[in-house]
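When you get a sec, could you build the whole thing from the sequences and use the hints?
Chains A and B, in that order, are what the protein sequence lines are. The first sequence runs 0 to 417 under numbering that gives the first Met the number 0. The second sequence runs 0 to 417 under numbering that gives the first Met the number 0.
In case anyone wonders, no lab produced these hints; they're calculated from the structure. Take the hints with a grain of salt, since some may be wrong.
A few chain A residues facing chain B, derived, Cβ under 7 Å [said to hold, decoys possible]: (1) Arg47; (2) Arg101; (3) Arg113; (4) Leu116; (5) Asp199; (6) Lys241; (7) Glu358; (8) Val364; (9) Val366; (10) Arg371; (11) Gly395; (12) Gln414.
Which chain A residues stay away from chain B? Per the calculated CB distances, all over 12 Å, these [as the list claims (entries may be wrong)]: (13) His38; (14) Ser63; (15) Pro115; (16) Ile153; (17) Ala242; (18) Val246; (19) Val269; (20) Leu314; (21) Asn334; (22) Arg335; (23) Asp360; (24) Gly379; (25) Leu391.
Treat the numbers as computed from the prediction; the structure is a model and nothing was measured. Even for Gly, the Cβ is constructed at its ideal location relative to N, Cα and C.
Here is how the chains run, residue by residue.
Protein chains: 2
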Amino acid sequence: MMELKIVGKKAEAVGKASGVLYTASTAKKNALLRAIATHLSRESAAIRRANEKDLANARHAGLSPVLLDRLTLDDKRVAQMIAGVKDVINLPDPVSQVVGRRRRPNGLVIEKVRVPLGAVGIIYEARPNVTIDAAALCLKAGNAVLLRGGSEAIRSNAKLVEVIKKSLMDVDLPAGCVEFIDTTDRKAVAEMLKQDRFLDIIIPRGSQKLIRYIQKNSSVPVIAHGEGNCHVYVDGSADLRKAADIVFNAKVQRPSVCNAAEKLLVHGKVARKFLPRIAERLKSAGVQLRGDARTRSLVKYAIPATEDDWYREYLDLIMAVKVVRDVGEAIEHINRYGSHHSDSIVTGSRPNGERFLREVDSAAVYVNASTRFTDGYEFGLGAEIGISTQKLHARGPMGLEELTTTKYIIHGRGQVRK
Amino acid sequence: MMELKIVGKKAEAVGKASGVLYTASTAKKNALLRAIATHLSRESAAIRRANEKDLANARHAGLSPVLLDRLTLDDKRVAQMIAGVKDVINLPDPVSQVVGRRRRPNGLVIEKVRVPLGAVGIIYEARPNVTIDAAALCLKAGNAVLLRGGSEAIRSNAKLVEVIKKSLMDVDLPAGCVEFIDTTDRKAVAEMLKQDRFLDIIIPRGSQKLIRYIQKNSSVPVIAHGEGNCHVYVDGSADLRKAADIVFNAKVQRPSVCNAAEKLLVHGKVARKFLPRIAERLKSAGVQLRGDARTRSLVKYAIPATEDDWYREYLDLIMAVKVVRDVGEAIEHINRYGSHHSDSIVTGSRPNGERFLREVDSAAVYVNASTRFTDGYEFGLGAEIGISTQKLHARGPMGLEELTTTKYIIHGRGQVRK
Numbered sequence: 000m001m002e003l004k005i006v007g008k009k010a011e012a013v014g015k016a017s018g019v020l021y022t023a024s025t026a027k028k029n030a031l032l033r034a035i036a037t038h039l040s041r042e043s044a045a046i047r048r049a050n051e052k053d054l055a056n057a058r059h060a061g062l063s064p065v066l067l068d069r070l071t072l073d074d075k076r077v078a079q080m081i082a083g084v085k086d087v088i089n090l091p092d093p094v095s096q097v098v099g100r101r102r103r104p105n106g107l108v109i110e111k112v113r114v115p116l117g118a119v120g121i122i123y124e125a126r127p128n129v130t131i132d133a134a135a136l137c138l139k140a141g142n143a144v145l146l147r148g149g150s151e152a153i154r155s156n157a158k159l160v161e162v163i164k165k166s167l168m169d170v171d172l173p174a175g176c177v178e179f180i181d182t183t184d185r186k187a188v189a190e191m192l193k194q195d196r197f198l199d200i201i202i203p204r205g206s207q208k209l210i211r212y213i214q215k216n217s218s219v220p221v222i223a224h225g226e227g228n229c230h231v232y233v234d235g236s237a238d239l240r241k242a243a244d245i246v247f248n249a250k251v252q253r254p255s256v257c258n259a260a261e262k263l264l265v266h267g268k269v270a271r272k273f274l275p276r277i278a279e280r281l282k283s284a285g286v287q288l289r290g291d292a293r294t295r296s297l298v299k300y301a302i303p304a305t306e307d308d309w310y311r312e313y314l315d316l317i318m319a320v321k322v323v324r325d326v327g328e329a330i331e332h333i334n335r336y337g338s339h340h341s342d343s344i345v346t347g348s349r350p351n352g353e354r355f356l357r358e359v360d361s362a363a364v365y366v367n368a369s370t371r372f373t374d375g376y377e378f379g380l381g382a383e384i385g386i387s388t389q390k391l392h393a394r395g396p397m398g399l400e401e402l403t404t405t406k407y408i409i410h411g412r413g414q415v416r417k
Numbered sequence: 000m001m002e003l004k005i006v007g008k009k010a011e012a013v014g015k016a017s018g019v020l021y022t023a024s025t026a027k028k029n030a031l032l033r034a035i036a037t038h039l040s041r042e043s044a045a046i047r048r049a050n051e052k053d054l055a056n057a058r059h060a061g062l063s064p065v066l067l068d069r070l071t072l073d074d075k076r077v078a079q080m081i082a083g084v085k086d087v088i089n090l091p092d093p094v095s096q097v098v099g100r101r102r103r104p105n106g107l108v109i110e111k112v113r114v115p116l117g118a119v120g121i122i123y124e125a126r127p128n129v130t131i132d133a134a135a136l137c138l139k140a141g142n143a144v145l146l147r148g149g150s151e152a153i154r155s156n157a158k159l160v161e162v163i164k165k166s167l168m169d170v171d172l173p174a175g176c177v178e179f180i181d182t183t184d185r186k187a188v189a190e191m192l193k194q195d196r197f198l199d200i201i202i203p204r205g206s207q208k209l210i211r212y213i214q215k216n217s218s219v220p221v222i223a224h225g226e227g228n229c230h231v232y233v234d235g236s237a238d239l240r241k242a243a244d245i246v247f248n249a250k251v252q253r254p255s256v257c258n259a260a261e262k263l264l265v266h267g268k269v270a271r272k273f274l275p276r277i278a279e280r281l282k283s284a285g286v287q288l289r290g291d292a293r294t295r296s297l298v299k300y301a302i303p304a305t306e307d308d309w310y311r312e313y314l315d316l317i318m319a320v321k322v323v324r325d326v327g328e329a330i331e332h333i334n335r336y337g338s339h340h341s342d343s344i345v346t347g348s349r350p351n352g353e354r355f356l357r358e359v360d361s362a363a364v365y366v367n368a369s370t371r372f373t374d375g376y377e378f379g380l381g382a383e384i385g386i387s388t389q390k391l392h393a394r395g396p397m398g399l400e401e402l403t404t405t406k407y408i409i410h411g412r413g414q415v416r417k
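Below, the structure is given as structure tokens:
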């Protein structure tokens with residue numbers, strides 16, 4: 000119980016510090032980020048030592064090789080964190096940007112300007128690099144941060160936060176600008192979700208199970224990095240060589256991420272020509288295919304796809320395949336079964352392409368490109384804090400702008416309302 | 000129980016119809032709005048008859064004169080509803096507006112375009128005109144609507160929805176584009192808050208008690224029309240004649256609305272000169288003043304303000320007054336006790352004005368103007384569906400744009416990720 004009280008206290012400290020960051024200049028925020036990069040570099044040996052303790056515990060607890068890899072901070076990853084912080088320094092500061100301006104007939108000048116959100120809570124799992132990546136983005140956008148990382152990474156995270164605290168002191172900003180919940184008690188998450196008095200938003204990073212739990216139980220508004228059940232639809236008029244390259248890239252290039260394709264829809268007209276060819280190529284890359292009846296008649300090695308398959312995000316070398324009548328059926332299928340993340344049509348028909356872009360209701364809709372491009376860097380937004388599949392506030396890759404809100408500022412000369 | 004099942008069914012119908020509205024053209028949506036205006040005009044006698052039944056029941060139940068007035072639909076108010084619908088026809092359609100465009104080095108063209116939110120739930124209280132006003136805005140932005148009005152207005156609302164349904168039929172749109180929950184069972188609201196499978200957003204209009212209940216219990220994202228504890232701060236360098244006009248207008252012109260001022264802060268330097276004068280003028284308009292010690296020493300008729308007063312929204316002819324040291328103390332007070340709605344400084348000092356605009360963290364911050372201007376029409380956005388004091392998605396007056404989300408559409412020529 001005593002341990003949990005600290006969560007409210009830290010949330011309050013973050014809320015208070017957010018008032019100071021609210022008006023911090025770009026120069027000040029960049030000085031802070033430079034200090035963080037410097038201290039990370041100086042302390043890299045100590046960071047690795049802390050991380051080795053986490054790794055030893057994790058090995059002892061029998062963590063899987065994949066999770067052990069995610070937990071590891073070697074020299075290369077520390078260098079990547081430092082490079083990431085430097086990237087954020089170079090991004091334009093969204094705060095004070097004027098996004099709209101009107102002069103009214105009564106002479107009032109009404110401007111809409113970007114301002115920080117305030118206090119941001121981040122709840123994340125194994126990867127300790129999120130501590131630095133997320134904090135850097137939040138701080139650049141003028142937000143204070145309350146961090147709650149995975150218990151396996153607690154020593155690494157504590158060390159990284161120590162580095163941030165030193166940097167805050169260097170540039171004379173309050174320590175509360177970044178606070179870290181250093182208990183492994185799982186109840187600390189539930190406690191954090193109650194801090195709507197102090198926190199303006201919570202961003203969860205991690206498994207869908209964690210994210211759903213947070214969405215259901217948080218009194219603080221949540222912006223969630225959603226599931227990616229992404230589709231590629233190969234239209235009847237598609238250039239089949241391009242189509243094969245796009246499908247292969249979307250499925251195989253990095254199957255464990257949310258913008259990888261999980262489903263392939265193929266127009267009936269080209270199924271016989273296209274499917275055996277792409278199936279061969281996917282098979283050689285180790286992809287398991289699950290198909291509807293028509294697909295299985297053309298691809299012998301495909302196993303049957305169940306109704307449940309059409310809804311699933313595999314994050315693995317698995318792809319479900321369906322033959323459709325036309326672009327209309329493809330759109331209907333995607334809007335019904337998809338997760339509204341990223342979907343692509345490969346087509347030679349301009350009207351079909353435009354119809355797909357208009358009618359598919361997803362965060363990112365493509366014509367003739369791989370779904371793998373849904374990403375802050377690829378979209379030219381700089382680093383991202385996640386990819387939202389929600390419709391409110393932010394949709395798609397969330398960069399610095401999505402970590403701000405706006406306010407109206409109005410210049411008058413004594414106007415009153417009639 | 001049977002009655003409550005209908006809520007889920009209607010939410011599902013609205014969710015389904017939203018798919019049709021998602022791609023409806025501006026011409027189609029405007030034709031619908033014209034049909035609504037025509038039917039409202041034709042059926043105005045029947046609307047008044049339904050409303051008279053509601054009024055008779057309400058009188059019988061002993062509703063207060065203020066609530067009876069809100070419930071009343073006379074000829075003038077029907078005409079206002081029709082004029083409101085025509086205004087919405089003339090507003091630009093936000094759907095398909097391109098809000099950003101980038102060409103990437105790899106040749107991908109990435110556009111961010113506005114699209115409808117989808118299915119919107121509106122929960123409102125006594126005023127039946129909200130049925131038409133809110134539906135018109137939602138429909139113009141391409142959204143389907145599930146309406147839940149106050150039980151006192153159930154006959155008026157049912158009649159108005161009948162008018163909308165006729166209009167939907169006229170232009171061949173599905174009846175599910177607008178559904179109305181016609182049970183007075185209070186549990187219907189709780190049922191509506193569970194429809195996250197079908198509804199994308201819920202917008203509550205009404206008392207703060209209703210809004211807080213909805214925010215706390217909804218699994219659907221909520222955008223709330225917040226409380227307005229608005230301040231006017233009269234700086235040491237203010238033109239005191241302008242200051243008096245602004246304070247008087249902000250407090251007295253329409254005290255029952257959220258952008259009316261509830262608090263007056265006065266710089267110590269001008270308190271002796273300004274306070275007795277404005278107090279006299281406010282008193283003559285029937286305003287009760289509540290003051291801190293310094294105010295009470297200057298204004299004999301002011302009663303003591305308690306700590307609780309600084310937090311309160313009166314929506315009445317009451318104003319609490321405090322003498323402050325300087326602009327810094329004013330800003331601190333506003334950020335601490337205010338509701339982040341609308342706050343104004345009256346000053347002759349440009350630096351103090353700019354500091355106030357920068358540091359006060361509210362939806363609308365003014366220099367030398369009345370807080371009463373925080374309004375969709377006054378800001379030039381056209382009609383508004385509410386004023387958000389939240390930070391996510393929408394902040395300040397919410398017009399058509401705030402009833403949309405965005406998606407990324409990407410044109411490629413076969414690009415795959417390296």
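We went through each hint and held it up to the structure:
1. Arg47: 30 Å, violated
2. Arg101: 5 Å, holds
3. Arg113: 11 Å, violated
4. Leu116: 6 Å, holds
5. Asp199: Given a least distance of 5 Å, the restraint on Asp199(A) holds.
6. Lys241: 4 Å, holds
7. Glu358: At 6 Å from the nearest chain B Cβ, Glu358(A) passes the 7 Å test, so the hint holds.
8. Val364: Hint on Val364(A): holds, closest Cβ of chain B at ~5 Å, below 7 Å.
9. Val366: Status holds, d = 5 Å.
10. Arg371: 4 Å, holds
11. Gly395: Status holds, d = 5 Å.
12. Gln414: 4 Å, holds
13. His38: 30 Å, holds
14. Ser63: 27 Å, holds
15. Pro115: 9 Å, violated
16. Ile153: Ile153(A) clear of chain B: closest Cβ-Cβ about 30 Å, beyond 12 Å.
17. Ala242: Label violated. Min Cβ-Cβ 9 Å, cutoff 12 Å.
18. Val246: Violated, because the least Cβ-Cβ distance between Val246(A) and chain B comes to about 10 Å, which does not exceed 12 Å.
19. Val269: Nearest chain B Cβ is 16 Å from Val269(A), so the label holds.
20. Leu314: 17 Å, holds
21. Asn334: 7 Å, violated
22. Arg335: It is violated; Arg335(A) is separated from chain B by about 9 Å at its closest Cβ, not greater than 12 Å.
23. Asp360: 6 Å, violated
24. Gly379: Given a closest Cβ separation of 5 Å, the condition is violated.
25. Leu391: 4 Å, violated
In summary, the structure is inconsistent with hints 1, 3, 15, 17, 18, 21, 22, 23, 24 and 25 from the numbered list given earlier, while agreeing with the others.
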